[in-house]
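**Student:** Sequence:
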Amino acid sequence: MITVGLTGGIGSGKTTVAKAFEALDIPIYIADDEAKKLMNNSKVIRRKLIKLFGEEAYLNGTLNKPYLAKAIFNNKELLKTMNAIVHPKVGKHFVKWKNKQTAPYVIKEAAILFENGSYKNYDYIITVTAPEETRIKRVLKRDNSNIKKVKAIIANQWPDIEKIKLSDFVIENIDIKKTKEEVLKTHQQLLKLAKNI
95 MITVGLTGGI
105 GSGKTTVAKA
115 FEALDIPIYI
125 ADDEAKKLMN
135 NSKVIRRKLI
145 KLFGEEAYLN
155 GTLNKPYLAK
165 AIFNNKELLK
175 TMNAIVHPKV
185 GKHFVKWKNK
195 QTAPYVIKEA
205 AILFENGSYK
215 NYDYIITVTA
225 PEETRIKRVL
235 KRDNSNIKKV
245 KAIIANQWPD
255 IEKIKLSDFV
265 IENIDIKKTK
275 EEVLKTHQQL
285 LKLAKNI
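Taking my numbering, I'd label the letters of the sequence shown as residues 95 to 291.
No lab work stands behind these hints, which were simulated from the structure alone.
A couple of the hints might just be wrong.
Using 20 Å as the maximum straight-line C-alpha spacing, the simulated PhoX-like pairs for lysine-lysine come out as follows [to be verified]:
| id | residue 1 | residue 2 |
| --- | --- | --- |
| 1 | 192 | 289 |
| 2 | 259 | 243 |
| 3 | 214 | 186 |
| 4 | 131 | 159 |
| 5 | 145 | 113 |
| 6 | 174 | 245 |
| 7 | 170 | 243 |
| 8 | 130 | 214 |
| 9 | 164 | 142 |
| 10 | 142 | 113 |
| 11 | 164 | 286 |
| 12 | 142 | 159 |
| 13 | 142 | 130 |
| 14 | 131 | 194 |
| 15 | 271 | 286 |
| 16 | 183 | 131 |
| 17 | 190 | 174 |
| 18 | 274 | 170 |
| 19 | 214 | 145 |
| 20 | 192 | 131 |
| 21 | 164 | 243 |
| 22 | 159 | 137 |
| 23 | 164 | 145 |
| 24 | 142 | 192 |
| 25 | 145 | 131 |
| 26 | 145 | 170 |
| 27 | 145 | 159 |
| 28 | 231 | 259 |
| 29 | 214 | 231 |
| 30 | 214 | 113 |
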């Protein structure tokens with residue numbers, strides 16, 4: 095079974111692409127969603143996050159996302175420390191999940207696949223791209239955020255040009271019809287590659 099990493103900058107449309115693969119019966123693991131579940135349910139993670147951020151990290155037993163987002167917003171070291179607590183657990187959870195799948199390949203969708211060095215753990219990488227202007231508009235519409243915040247997140251992520259150099263497939267996500275065609279083409283190539291292992 096092939097393991098494929100799916101990544102892209104904020105607002106590039108990773109979820110749209112992931113759903114298109116899902117429609118082709120490919121199992122998808124959304125790292126962010128699973129990380130949030132683990133941050134809420136894992137006693138070990140909870141203990142470490144409270145030690146790092148203080149009691150305010152959880153409100154009524156649930157992860158206090160606005161508080162954490164504010165704390166890590168301009169603090170790269172804090173973000174790095176938090177990721178070092180959460181990501182190894184997500185990695186282990188993914189391996190367990192993958193072992194239960196029967197498809198020729200699985201996809202793990204993760205925003206910071208290059209930034210945290212985990213891209214080396216995949217057989218193939220798909221990077222989703224879109225013009226920065228388009229990405230900013232999408233995030234403003236989706237998250238009720240502001241331009242300053244979105245640009246700060248973009249600044250913390252690798253530029254597309256760097257991601258593309260290390261990717262096996264690039265899907266430009268501007269027009270949904272073309273995106274779905276690209277997904278199908280990539281899917282067919284991955285099926286061929288999966289047959290050869």
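**Student:** Taking only the CA atoms, is the gap from residue 145 to residue 131 under or equal to 20 Å?
**Tutor:** The given pair, whose Cα atoms are some 19 Å apart, holds under the 20 Å limit.
**Student:** Residue 164 and residue 243 were given as a pair; does the straight-line alpha-carbon distance stay at or below 20 Å?
**Tutor:** Distance of about 10 Å is within 20 Å: holds.
**Student:** Taking 20 Å as the top limit, are the C-alpha atoms of residue 231 and residue 259 close enough?
**Tutor:** violated (26 Å)
**Student:** Take the C-alpha atoms of residue 142 and residue 159, compute the straight-line distance between them, and say whether it is at most 20 Å.
**Tutor:** It holds: about 15 Å lies between the C-alpha atoms, which stays within 20 Å.
**Student:** Between the alpha carbons of residue 192 and residue 289, is the straight-line distance 20 Å or under?
**Tutor:** Holds, because 18 Å separates the two Cα atoms, which is no more than 20 Å.
**Student:** Given the hint that residue 164 pairs with residue 286, does the C-alpha gap stay at or below 20 Å?
**Tutor:** This hinted pair is violated, its Cα atoms lying about 45 Å apart.
**Student:** Assess, step by step, whether the Cα of residue 164 is no farther than 20 Å from the Cα of residue 145, and give holds or violated.
**Tutor:** holds (17 Å)
**Student:** Are residue 183 and residue 131 close enough, with their CA atoms no more than 20 Å apart?
**Tutor:** Since the Cα atoms of residue 183 and residue 131 sit roughly 11 Å apart, the hinted pair holds (cutoff 20 Å).
**Student:** For the pair supplied as a hint, residue 142 and residue 130, is the alpha-carbon distance within the 20 Å limit?
**Tutor:** holds (15 Å)
**Student:** Are residue 214 and residue 231 close enough, with their CA atoms no more than 20 Å apart?
**Tutor:** violated (31 Å)
**Student:** Quick one, are residue 214 and residue 186 close enough, alpha carbons at most 20 Å?
**Tutor:** holds (16 Å)
**Student:** Keeping to a limit of 20 Å between CA atoms, is the pair of residue 130 and residue 214 held or broken?
**Tutor:** violated (23 Å)
The structure fails to meet hints 2, 5, 8, 10, 11, 15, 17, 18, 19, 24, 28, 29 and 30 from the earlier list, while all remaining hints are met.
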